[in-house]
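Q: Protein chains in written order, with the numbering used here: chain A, 1 to 81; chain B, 1 to 227.
No wet-lab data here; the hints were simulated from the structure.
DEER-style ranges, computed between Cβ atoms: (1) A:E31 with B:E151: 32 to 40 angstroms; (2) A:I76 with B:E28: 21 to 29 angstroms; (3) B:G87 with A:L4: 45 to 53 angstroms; (4) A:S59 with B:E28: 20 to 28 angstroms; (5) A:E31 with B:D150: 34 to 42 angstroms; (6) A:P35 with B:A193: 26 to 34 angstroms.
Okay, derived cross-link-like pairs now, EDC-like style, lysine to aspartate or glutamate, Cα gap no bigger than 20 angstroms in a straight line: (7) B:K141 with A:E48; (8) A:K45 with B:E135; (9) B:K141 with B:E215.
Glycine included, C-beta positions come from ideal geometry on N, C-alpha and C.
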Amino acid sequence: MNCLDILEKIGDYVDKELDPTLCVEIEKHLEDCDPCVAFVNTLKKTVELFNRAKISENSIPEPVSSKLRGFLKENISTAGE
Amino acid sequence: MNLFPPNGIGYMSKDARAKAAGTPAQSEEDLALISRVNGGDYGAFERLVRKYEARVYHHCLKFLNSQEDAEDVLQDTFLQAYRSLSGFRGEAAFSTWLMKIATNNCLMRIRKRKKVDIVSIDKPIDYDGSHLPREIVDWSKNPSLMSANDEIREVLDYTISLLPEDKRVVLILKDLEGFSNIEIGEMLGMSVAAVKSRLHRARLFMRDALSAYFEGTLKLAKTEPER
Ligand SMILES: [Zn+2]
Chain A
1 MNCLDILEKI
11 GDYVDKELDP
21 TLCVEIEKHL
31 EDCDPCVAFV
41 NTLKKTVELF
51 NRAKISENSI
61 PEPVSSKLRG
71 FLKENISTAG
81 E
Chain B
1 MNLFPPNGIG
11 YMSKDARAKA
21 AGTPAQSEED
31 LALISRVNGG
41 DYGAFERLVR
51 KYEARVYHHC
61 LKFLNSQEDA
71 EDVLQDTFLQ
81 AYRSLSGFRG
91 EAAFSTWLMK
101 IATNNCLMRI
111 RKRKKVDIVS
121 IDKPIDYDGS
131 HLPREIVDWS
141 KNPSLMSAND
151 EIREVLDYTI
161 SLLPEDKRVV
171 LILKDLEGFS
181 NIEIGEMLGM
191 SVAAVKSRLH
201 RARLFMRDAL
211 SAYFEGTLKL
221 AKTEPER
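Using the sequences and the accompanying hints, generate a full structural model.
A: Below you can see the structure in the form of structure tokens.
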């Protein structure tokens with residue numbers, strides 16, 4: 001397995017969806033290839049940063065929310081009142 | 001010498017893999033609300049709106065990079081959801097069904113725009129996957145990443161806006177919203193293999209962008225976001 005093979009398989013590897021045999025091969029390559037180690041580490045970190053970002057997004061600005069409710073009431077006849 | 005971090009074991013059991021790929025369970029609460037809406041109870045619909053509005057809004061905002069457009073699409077999405085709700089069969093979770101509507105509306109909105117956002121970047125970020133850069137800086141342990149950091153947050157928001165739309169949508173759905181590859185495939189009408197391939201390219205792009213940031217060649221545009 002060379003560096004380009006690694007690049008191709010690295011997505012599944014990072015997502016832990018790769019066939020175990022291939023994982024062993026990748027890990028063997030990583031033992032003596034510093035650029036690939038740096039690549040895998042930074043790719044993992046990239047994914048991690050996004051995963052971390054998603055947690056804080058459970059709020060909506062109040063004006064946006066009330067505009068939405070107003071819009072729906074205007075456009076939905078059964079909304080009443 | 002073991003250069004690879006101990007958590008780097010890249011495989012899991014078959015069961016764990018199936019679980020990871022699985023779709024979220026249909027929420028009983030949602031189903032009950034939906035049947036009340038279909039019986040003419042508008043209040044039940046408002047509860048669904050309250051439950052999901054933030055999620056849809058942030059999805060649109062990430063996708064469109066414009067608050068005004070995100071608000072429009074948010075409104076259209078819930079209106080369309082209301083009108084289609086009688087056709088909701090519960091085959092997918094309501095949240096998935098709703099995000100599919102939102103995603104399609106975002107894509108339509110983007111196609112209506114004439115120009116591509118203007119990019120302010122010193123070094124072009126384009127990854128064709130044909131080579132590994134000669135020198136790879138391992139910034140994964142950079143101290144600025146240790147804690148929540150507003151600037152990193154801005155960098156993420158900015159770089160995601162540079163992604164071509166077909167890759168942006170997959171990255172948002174997967175890494176920011178946590179949908180499975182199968183669900184994303186259903187939403188976008190593509191195979192799981194196609195989803196994975198786009199996701200992979202999107203992540204490579206983002207990794208490159210973050211590398212550029214840590215090397216000092218990517219600077220945040222301090223102007224108003226382009227629309
Ligand atoms: Zn290598």
